[in-house]
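Model the placement of chain B on the given structure of chain A, informed by the hints.
Chain order of the listed sequences is A and B.
Note that my numbering numbers the first sequence so that position 231 is 241, with each residue one more than the last.
Note that my numbering numbers the second sequence so that position 234 is 281, with each residue one more than the last.
Keep in mind the hints are simulated off the structure, nothing from the lab.
There may be inaccurate statements among the hints.
Below are the DSS-like pairs computed for lysine-lysine, each with C-alpha atoms no more than 25 Å apart in a straight line [as the list claims (entries may be wrong)]:
(1) A:38 - A:49
(2) A:248 - B:97
(3) A:368 - A:263
(4) A:38 - A:396
(5) A:248 - A:36
(6) A:44 - A:339
(7) B:97 - A:44
(8) A:339 - B:97
(9) A:90 - A:174
(10) A:44 - A:189
(11) A:331 - A:242
(12) A:209 - A:44
(13) A:242 - A:38
(14) A:114 - B:212
(15) A:396 - B:97
(16) B:97 - A:242
(17) B:156 - B:125
(18) B:235 - A:339
(19) B:156 - B:183
(20) A:107 - A:117
(21) B:216 - B:132
(22) A:114 - A:150
(23) B:235 - A:174
(24) A:38 - A:26
(25) B:69 - B:58
(26) B:303 - A:49
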Amino acid sequence: MQYDRILIRFGEISTKGRNRKKFIEKLKRNIDFKLADFKDIMIETTRDRIYIVLNGEDSEEISNRLQTIFGIHSFSLAVKTSSAIEEIKAAALFAFKELDYVGKTFKVTAKRVDKLFPFDTNEINYQVGSHILTNVADLKVDVHHPMINVRVEVRSDATYITCKDIYGPGGLPVGTSGKSMLMLSGGLDSPVAGYFAMKRGLEIEAVHFYSPPYTNERSKQKVLDLTEVLTKFGPDIKLHIVPFTEIQEVIQKQVPENYSLISTRRMMLRITDEIRKKQRALAITTGESLGQVASQTMESMYAINEVTNTPIIRPLITMDKPEIIDVAKNINTHDISIRPFEDCCTIFSPAAPKTRPKREKVEFYESFVDFEALINKAVDQTEMIKISQQKHNQEIDELF
Amino acid sequence: MIYLDNSATTKPYNEVLASFVKVAENYYGNPSSLHGVGAEAEKLLMQARKQAAELLDILPQEVVFTGGGSEGNNLAIKGVALKHKHRGNHIITTSVEHPSVSEACEQLKEHGFEITYLPVNHDGMIELEDVKNAIKDTTILVSMIHVNNEIGAIQPIRLVGEFLKIYPKILFHVDHVQGIGKVPLSFKDLGIDLCTISAHKFNGLKGTGILYVRSGIQLSPLISGGEQEMQFRSGTENVAGVVAMTKALRITLENKERTIEKLEAIKCALIEGLLTNPVISINTPTLNSAPHIINFSIGGLKAEVFVHLLEEYGIIVSTTSACSSKKKMPSKTLLAMNKGEALANSAIRISLSGDNQLEEVPSIVKSINEATEKLGRVMR
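Looking at chain A on its own, in the form it has when it is part of the complex (with noise of 0.2 Å):
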């Protein structure tokens, strides 16, 4: 005996109502691309499951999978048997003696679908229970606190045991809740919050801002790396990098030094809109932390926000820097974040940036300039590159 399918558990989709079916369908073809080298498997859908027959394929890297695709509360790895009562018992030992289980306590939670079934739960726990523990020594039933609790749901065309559950990422499926713009810039924050927007069903496409020479080669493969992690819990993305060094300069040479700082955010989110608008997306998502750096006050947001009124999503707004760490870490995208290397941020940074800046000001000093042309020049020559998980260049490679 082996494991036969997963049963997946949707988190938050179930209170969807009517809109229900998309999600599930969107989860599922998130799911079959995940999947896609796995050429044995076969995924059926319900109304509240999702089951994936394995066939035979690896459990294990599957399971390692389902994990970092947003939309699933939870899944089991499931044992198929006949609906016969010798037959269940068989298969519910096999899939207990799976687990860890010595000198654990257990219980057995039957679930009667097919209400024809000759025995009802009571029954169905009784003779499951006594069968599991006539046949493994030293074992105990709790049934109020049990750390193993096997399953059993019979249904008409089958019965399904699982005991073994291993939680998924919840959210909403990528792509449920449309497409956002990613301000991506190399650093801790900006992967965390793209990860979070597509916790909550965006897609995204992440915008770079380039500088050369004042920033290098080696920044910009850390942003090409970070995209490629970000790939694991979501389809492919496109990554646009924009050459920035002209409007810095045009900054740097224009407006007063304690302003430069939030000039040159204005015009970075002035050009992710009009990329923005190109790609057809409805949102724009930003790494920003209240208060952690000086165009992340309350006023200076206020300032920058001025040039647009596409919703800003900011998932780090409320959290600390620790807990930002966290999360990168175990996304595992702190350890690109912080090679050290020089970003379109980190230069020309004003030794003293105002941190209450006024409107009126900023504008002030932009008007002597013809910013809209520099912008659309920006989002003309801007590359536009794809990352997918598995892709990489091709001539590289085949030295490996």
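Chain B only, in chain A's frame:
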């Protein structure tokens, strides 16, 4: 020519050589340089580290690129000894180690370290009991060869690793140089803290290797300088060599199962053939031995002369290990196995690789038989 000295070194795969040349030619930057040329080289190095980690089922930061097997063994042993000498000065190893382990230990002796060499039984295997009895309060390291390079005996790494888990402060180093690709070993599951492999034993190039250093383990570096390789091994990285090695590792591990099966078949046929020769006695144990090494003694005949004679038949074998064969010493491993001076003096090693073919066996056996006969006639 039939090349049967693969435990000394293997022929590099053509694809591996091609990678080496291409990287050396096109990505010659110093990975530590800031400019783009350096960044390109660094990217290759990172990809190599990631791929090696995936293949070995360890983390990228646990891969330390070295200059080969001897360096890896020295770094592991001396690195632990120097870093942790405040904990104790006792090291346990076996009497059948490669010189890069035993000599490193001998060197440490001069610096006040105490070395216990575990004995082996007639099959060249250590006993877990002996490990248990050797442990002291001052023990800081157990270093053990996985597959013996002379006779192919496989040490009970799993047993020792499982046992050592109750001593978290005793580090466990495994010399896996002969085992990689031939006798699978899971670094993570067996409680191994340090593990050495060397590229030229799996069809990579000489001068490259990997030391697995489990995350969190501290080592004193042997080479200080620019702090490359997580500060464990300074010096500008051999990018072309490292890329070539990871390619060789990939090819080797991808074909592992097929290769092992093939080697087993050849080994079986060879032993069967050799056993028909009355002067030959097989030293490689029947059970628990690697699929690519067959060690046999030729009844008191001079091993060195036999190697040369066999070469005239177009067959390349060696006397014991390549590293000590020029010293004309009897096989240390066979002596440790209590085989006696005579057998130890006339030991021959055949070591196979995936390039060898089952069809070659009859002519190998025939040549060996002719050579022993000829040699017997002359020498007696």
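Hints, verified against the model:
Straight-line distance between C-alpha atoms of residue 38 of chain A and residue 49 of chain A comes to about 16 Å, which keeps the hinted pair within the 25 Å bound. Restraint check: the Cα-Cα separation between residue 248 of chain A and residue 97 of chain B comes to about 23 Å, which is no more than 25 Å; the hinted pair holds. Distance hint between residue 368 of chain A and residue 263 of chain A is fulfilled; the C-alpha atoms sit about 20 Å from each other, no more than 25 Å. At roughly 23 Å between alpha-carbon atoms, residue 38 of chain A and residue 396 of chain A fall within 25 Å of each other, so this suggested pair holds.
Simply put, residue 248 of chain A and residue 36 of chain A have alpha-carbon atoms about 19 Å apart, close enough for the 25 Å limit, and the pair holds. For the given pair, residue 44 of chain A sits about 22 Å from residue 339 of chain A by alpha-carbon distance, which is consistent with the 25 Å threshold. Between the alpha carbons of residue 97 of chain B and residue 44 of chain A the distance comes to roughly 21 Å, so the proposed pair stays at or under 25 Å and holds. Pair hint residue 339 of chain A plus residue 97 of chain B holds up; C-alpha atoms about 17 Å apart against a cutoff of 25 Å.
With a CA separation close to 14 Å, the supplied pair residue 90 of chain A and residue 174 of chain A stays within the 25 Å bound. For a cut-off of 25 Å, the pair hint linking residue 44 of chain A to residue 189 of chain A stands: about 19 Å separates their Cα positions. Between residue 331 of chain A and residue 242 of chain A, the direct Cα distance comes to roughly 23 Å. Compliance with the 25 Å bound is thereby established for this hinted pair. Straight-line distance between C-alpha atoms of residue 209 of chain A and residue 44 of chain A comes to about 16 Å, which keeps the hinted pair within the 25 Å bound.
With a CA separation close to 16 Å, the supplied pair residue 242 of chain A and residue 38 of chain A stays within the 25 Å bound. Using a Cα cut-off of 25 Å, the hinted pair residue 114 of chain A and residue 212 of chain B holds, with the two alpha carbons roughly 23 Å apart. Pair hint residue 396 of chain A plus residue 97 of chain B holds up; C-alpha atoms about 21 Å apart against a cutoff of 25 Å. For the hint pairing residue 97 of chain B with residue 242 of chain A, the CA-to-CA distance comes to about 16 Å; that is within 25 Å, so the pair holds.
Our distance criterion of 25 Å between C-alpha atoms is met by residue 156 of chain B and residue 125 of chain B, whose separation comes to about 11 Å. Straight-line distance between C-alpha atoms of residue 235 of chain B and residue 339 of chain A comes to about 21 Å, which keeps the hinted pair within the 25 Å bound. For a cut-off of 25 Å, the pair hint linking residue 156 of chain B to residue 183 of chain B stands: about 17 Å separates their Cα positions. Distance check on the hinted pair: residue 107 of chain A and residue 117 of chain A sit about 14 Å apart at the alpha-carbon level, within 25 Å; holds.
In summary, the hint linking residue 216 of chain B to residue 132 of chain B is supported, as the alpha carbons are separated by about 12 Å, within the 25 Å threshold. Restraint check: the Cα-Cα separation between residue 114 of chain A and residue 150 of chain A comes to about 7 Å, which is no more than 25 Å; the hinted pair holds. In summary, the hint linking residue 235 of chain B to residue 174 of chain A is supported, as the alpha carbons are separated by about 24 Å, within the 25 Å threshold. Between the alpha carbons of residue 38 of chain A and residue 26 of chain A the distance comes to roughly 16 Å, so the proposed pair stays at or under 25 Å and holds.
Of the supplied pair hints, the one linking residue 69 of chain B and residue 58 of chain B holds, its CA atoms being roughly 19 Å apart against a limit of 25 Å. Distance hint between residue 303 of chain B and residue 49 of chain A is fulfilled; the C-alpha atoms sit about 23 Å from each other, no more than 25 Å.
Comparing the model with each numbered hint stated earlier shows that all of them hold.
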